[in-house]
Amino acid sequence: MGARTKIVTDPLSDNNPITIQVLGICSALAITIQVENAFVMACALTFVLTSSNVIISLLRKLIPGRIRMIVEISIIAALVVLVDQTLRAFFFELSRQLSIFVALIITNCIVMGRAEAFATQHPPGPSLLDGLGNSIGYSVIIILVATGREILGSGTWYGIRVLPEAYMGNGLAVLAPGAFLILGIIIWIQRTATSNFKDD
Amino acid sequence: MRKADRQLFVFALSVCVVVSALLSTAATVLKERQEREVELDRKRNVLQAFGVDVRDEAGRRISAERVEEYFAENIREVILEGQTGELIEGLTSAELDPRDLRDRERYLPLYLWHEDDEVSRYAFPISGQGLWSTIHGFLALEDDLATIRGVTFYDHGETPGLGAEIEQDWFQSQFEGKVLYKDGEPADFQVVKGGVERRYPEGNPSAVDGISGATITADGVADFINRDFRRYNRYFETIRGEG
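Protein chains in written order, with this note's numbering: chain W, 1431 to 1630; chain Y, 1495 to 1737.
Keep in mind that a hint or two might mislead.
Said to hold, decoys possible - Derived DEER-like restraints, expressed as beta-carbon distance ranges:
id : chain 1 : residue 1 : chain 2 : residue 2 : range
1  : Y       : Glu1691   : W       : Ile1500   : 48 to 58 Å
2  : Y       : Thr1519   : W       : Ala1533   : 17 to 27 Å
3  : W       : Phe1520   : Y       : Pro1592   : 20 to 30 Å
As the list claims (entries may be wrong) - Lysine to aspartate or glutamate pairs mimicking EDC-like chemistry, simulated, CA-CA at most 16 Å apart:
id : chain 1 : residue 1 : chain 2 : residue 2
4  : Y       : Lys1525   : W       : Asp1514
5  : Y       : Lys1687   : Y       : Asp1703
6  : Y       : Lys1687   : Y       : Asp1713
7  : Y       : Lys1672   : Y       : Asp1649
8  : Y       : Lys1537   : Y       : Asp1703
9  : Y       : Lys1537   : W       : Glu1523
I should point out that these hints are in silico values taken from the structure, not numbers from a laboratory.
All values reported here derive from a predicted model rather than from experimental measurement.
C-beta atoms are modelled at their ideal positions from N, C-alpha and C, and glycine is treated no differently.
With these hints in hand, go ahead and build the complete structure from the sequences.
Structure (structure tokens):
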């Protein structure tokens, strides 16, 4: 497998930002009640993470070391505000449901983490791939969690009814503890399956 | 100044300038559309309070055109004087600065639902403090000016899963048919912690169930419904007098 392919595929499983590095948990718990919300959040994060990685990588030789993190967070915050404003103008109802969680992408450790760990040391091309890979790794997990929560909690998937009307809906799955349980199970499966994972 | 310091300063300044230029452009370009969406949402909420189905079977919201149609055909908006509750003839919300319109001490907007040239329902905005935020909503009354036709809460910053439950159907649908005016005076409306049934085994026509874990939000809702109803009630009394 080529080095470039590995940049994209690694964060999908063996180095997944959520299940292996346990980053971005806040939003993974908060916006996974419905698959639709998780999907929009995934798109928003993909845009922010990929663009921030590319921009920071382009500027990597210019950014003074001493204010490196402030510059990174300014770029990330600007991108997030852009997404938030766009959602408000074109996807009003969704922006209301996601409420403050879009703004909280700024504090999503994955974005800052990739900027620091990858984009500041690699050219734009690989940084773009790294951003994409980590976004997809994040997206897959939150959509999985949302799938579990929406089906157990409301008997629907992406708003489509999958369980009979008589299904009452499990309140636990809708609340935060349900998210912890489902995410915990996913992390467990992932770590058992990932051969190279060492718990220290 | 050392060269490195100067570079640092110039870089920081350029980042600030570029980022602010980008964001202010975006905000300016998108502003009009955002405001239109907010206005549309407000109108949808008025319709919802009036008991109009604002969603089709698939759960999609009715279109902007449909909303405007309802407003053109069925709804007339009048403005009452904030201090006295008297009708200000000929004044519409379009002529007022939105900021003035929000000042309930000065202006009280009232929506009248017309059917066959008769006013059959009344709706007015309600708003007040919850736990974290100001909650905004609408409340519609039947033509007896006492029974609630419907209520919506749409703009708020309450805790998701707790106070934010006021947005949910189960909470809002409870208000339908409840009474705000009884025996010639405004009733004491309550949002009851622990449930209406437990507190009032005989039932209470002016109470709905609260939300566990969101007592302050619920108390806030009850307070501002009572307060806002009393504001509009001065005008309602004159209608009752005529009827």
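| query | Among the hints numbered above, which are violated by the structure, and what are their numbers in rising order? | reply | Hint check: 7, 8 fail, others pass.
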